[in-house]
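> Below are the chains, spelled out letter by letter.
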Amino acid sequence: MNPGQLDIIREDCDRIFANPDRFSVLKNESILITGGTGFMGSWLAEAVACLNDSHHFGIKLTLVARNIDRFREKQAHLASRKDFTLLEKNVCDLIDIPDDISWIIHAAATPDNRVHSSDPLQVINTITNGTMQVLGASTRLSNLKKIVNISSGWIYGSQPKEMLQLQECHVGGPDSVSIASAYAEAKRMGETICSVYKGQFRIPMVTLRPFAFIGPYQMIDKPWAINNFIYDAINGGPIKILGDENTIRSYMYPSDMVNWILTALCEGESGLVLNLGSPEGCSLRAVADIICDCIPGETVVISQTLNRKPKYSIFVPDVSKAKETLGLELSVSLQDAIKRTIDWLRQP
Amino acid sequence: MKKITISDPTLRDGSHAIKHQLTVKQVSDYCAAIDKAGVPIVEVGHGNGIGASSIQVGLSRESDVKLLEAARKHLTNAKLGVHCIPGFATIKKHIKPALDIGVDIVRCACHCTEADTTRNHITFVREQGKQAFGVLMMSHMAPADVLVEEAMKMESYGAEAVIIMDSAGALLPDKVETVIGRLCDTLNVQVGYHGHNNLGMGVGNSIVAAKAGATIIDGTARCFGAGAGNTQLEILVPVLEKLGYETGIDLYRLLDAADLAEKELVQSIPRVRSISVVSGLAGVFSGFTSHVERISKQYGVDPRDVFFRLGKRGIVAGQEDMIIEEAYKLHQEKTG
Chain A
19 MNPGQLDIIR
29 EDCDRIFANP
39 DRFSVLKNES
49 ILITGGTGFM
59 GSWLAEAVAC
69 LNDSHHFGIK
79 LTLVARNIDR
89 FREKQAHLAS
99 RKDFTLLEKN
109 VCDLIDIPDD
119 ISWIIHAAAT
129 PDNRVHSSDP
139 LQVINTITNG
149 TMQVLGASTR
159 LSNLKKIVNI
169 SSGWIYGSQP
179 KEMLQLQECH
189 VGGPDSVSIA
199 SAYAEAKRMG
209 ETICSVYKGQ
219 FRIPMVTLRP
229 FAFIGPYQMI
239 DKPWAINNFI
249 YDAINGGPIK
259 ILGDENTIRS
269 YMYPSDMVNW
279 ILTALCEGES
289 GLVLNLGSPE
299 GCSLRAVADI
309 ICDCIPGETV
319 VISQTLNRKP
329 KYSIFVPDVS
339 KAKETLGLEL
349 SVSLQDAIKR
359 TIDWLRQP
Chain B
51 MKKITISDPT
61 LRDGSHAIKH
71 QLTVKQVSDY
81 CAAIDKAGVP
91 IVEVGHGNGI
101 GASSIQVGLS
111 RESDVKLLEA
121 ARKHLTNAKL
131 GVHCIPGFAT
141 IKKHIKPALD
151 IGVDIVRCAC
161 HCTEADTTRN
171 HITFVREQGK
181 QAFGVLMMSH
191 MAPADVLVEE
201 AMKMESYGAE
211 AVIIMDSAGA
221 LLPDKVETVI
231 GRLCDTLNVQ
241 VGYHGHNNLG
251 MGVGNSIVAA
261 KAGATIIDGT
271 ARCFGAGAGN
281 TQLEILVPVL
291 EKLGYETGID
301 LYRLLDAADL
311 AEKELVQSIP
321 RVRSISVVSG
331 LAGVFSGFTS
341 HVERISKQYG
351 VDPRDVFFRL
361 GKRGIVAGQE
371 DMIIEEAYKL
381 HQEKTG
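Chain order of the listed sequences is A and B.
Note that the first sequence covers residues 19 to 366 in this note's numbering.
Note that the second sequence covers residues 51 to 386 in this note's numbering.
Covered stretches of chain B, as calculated for chain A (at least 3 residues, CB under 8 angstroms):
(1) 173-180
(2) 195-206
(3) 238-249
The list that follows gives simulated cross-link-like pairs (lysine-lysine, BS3-like), each with its CA atoms no further than 25 angstroms apart:
(4) B:Lys180 - B:Lys143
(5) A:Lys258 - B:Lys52
(6) A:Lys78 - A:Lys100
(7) A:Lys107 - A:Lys164
(8) B:Lys129 - B:Lys180
(9) A:Lys258 - B:Lys180
(10) B:Lys53 - B:Lys86
(11) B:Lys53 - A:Lys329
(12) B:Lys53 - A:Lys327
(13) A:Lys179 - A:Lys327
(14) A:Lys163 - A:Lys339
(15) B:Lys142 - A:Lys92
(16) B:Lys225 - A:Lys327
(17) B:Lys142 - A:Lys240
(18) A:Lys240 - B:Lys146
Don't read these hints as lab results, they were simulated from the structure.
Here the structure is a predicted model, which is why all the values come from computation and not from measurement.
Where is the CB? At the ideal position from N, CA and C, for every residue including glycine.
The whole structure should be built from the sequences, with the hints applied where relevant.
Below, the structure is given as structure tokens:
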């Protein structure tokens with residue numbers, strides 16, 4: 019990562035922690051993050067680095083991941099920190115957690131749907147057995163204060179068309195016999211496993227259900243609409259919309275994501291379940307148009323020819339509960355998120 | 051008006067019909083002609099795709115690189131496509147050089163139940179900013195539910211279209227309608243159809259596919275292709291236009307290109323011979339025909355029996371050596 023990109027991320031973190039007091043329970047504490055080198059883990063690591071560097075929090079962070087070498091190579095500025103410990107381990111093999119750990123963010127699982135399709139059994143194994151392994155090990159910790167389980171908005175299944183936003187109380191569910199449901203069903207099971215550990219072992223547990231994100235650290239070659247649009251645009255376009263351009267998605271900028279996760283970790287009452295995402299739904303066509311506006315020149319947006327009935331879908335969270343319980347709100351608009359992402363990608 | 055994108059594999063599937071002996075001049079001449087006609091996608095290369103030239107499935111006269119360079123030079127408006135079967139084609143040795151030459155679309159193909167094998171290839175092509183289609187070959191061998199699942203995998207890998215390929219010319223209209231309809235209901239990306247003519251259903255099935263929602267249809271000049279040949283392009287296009295679909299293709303120039311193909315490329319115009327009907331009924335890849343005939347003659351057995359035996363075993367392209375096995379067994383049974 020180049021210095022310009024680091025500056026953008028640090029600016030974002032500084033903005034989150036303009037008033038860091040609400041996170042003061044983490045001072046001099048030890049946090050463990052599974053899936054520590056992915057998109058979410060990397061952002062959380064950046065946030066902790068900022069708390070330590072700018073606000074002297076003295077947090078000790080342990081990142082658990084399967085492939086540490088790549089992290090060392092790409093995020094050397096994080097990997098080389100003395101306050102960070104890197105633990106190369108498949109979460110399914112995590113027998114013991116260091117005894118000084120008081121806080122856990124369990125985020126191990128890839129959201130890449132290419133992996134979900136080609137290796138669904140491995141996806142199910144990582145999520146379900148990995149969650150049991152982490153929770154089992156956490157029962158042996160002497161000073162555990164809270165676990166945040168990163169679940170998924172996909173556990174709701176398809177969002178009904180008449181429902182503009184999905185509330186946490188929505189009882190939906192993925193199509194259990196579809197191969198495309200492996201990730202979502204495993205995440206649902208993961209939530210149940212967490213509830214069981216919370217009930218049986220009294221482990222303090224908060225569940226977050228992430229939706230979609232766009233921002234630094236996201237690989238724009240991932241097969242998601244907004245990533246592809248940005249990829250097309252910065253490579254000279256045209257932006258190709260695959261599928262129905264009226265499909266509605268919402269995107270949260272990662273600094274908001276980190277703020278919400280850490281707030282839930284510090285202040286969320288055990289048993290709390292919250293959506294994690296932007297409530298600002300936007301059609302794919304509108305997203306593509308925003309990206310065009312951010313790129314100088316004449317980027318064209320083209321939609322595929324589809325001689326069939328419109329088949330749009332919606333995937334947007336209701337986040338009023340996050341506001342009511344923890345006072346959380348979105349601070350970065352979609353336009354700003356896209357602009358900042360493109361700036362980050364274009365840093366020389 | 052509904053739009054259909056025509057993809058022309060004359061210079062790829064047609065290669066089967068002449069044992070992969072296409073020359074640079076043939077590719078150049080046909081590309082120039084078909085480009086003028088306004089055909090939007092032209093596929094070029096060995097019949098089994100880039101990297102497939104081998105003793106097993108036939109050696110090409112010219113290298114992939116030479117044929118693709120010639121095509122690129124003579125295609126101004128049309129996109130240049132390649133067929134790519136993972137295993138024959140590798141990312142480093144074949145796809146990357148093809149993209150460097152200027153290939154626009156890589157059609158990553160696999161047996162209809164093995165979409166997993168296309169993941170790395172599709173992903174790589176998309177990462178290079180090029181178009182990747184998924185192609186499910188021998189699609190008569192799997193039920194609609196399985197084809198939908200496999201197509202969903204390809205979509206998740208980044209395929210911008212999924213093509214149902216009736217490699218054996220064995221599909222009948224009802225199944226085409228069901229499969230294409232199910233795919234259109236399920237996928238977010240385009241759905242395409244590639245027909246063969248063993249049972250005389252090339253154009254008919256393609257029309258059924260278009261009506262069911264397919265937006266990419268393949269066809270070759272004078273049916274130029276393996277066995278009984280492919281959906282005949284110069285019939286397909288005017289029929290689609292007559293039915294109200296817009297192809298953007300100039301009819302006269304298309305007919306001129308087909309005439310040129312007949313004169314310059316096609317040694318004998320593919321037709322539905324008796325053996326083609328048998329291969330279609332047996333559900334065996336049309337490209338096996340010449341091998342089956344040759345080997346059957348060698349062992350003194352009826353090639354129709356060989357085809358039905360191969361059909362029962364469910365063999366697919368790349369298993370050409372099984373022809374000898376079955377012909378030998380038949381010979382043994384016959385001679386005691």
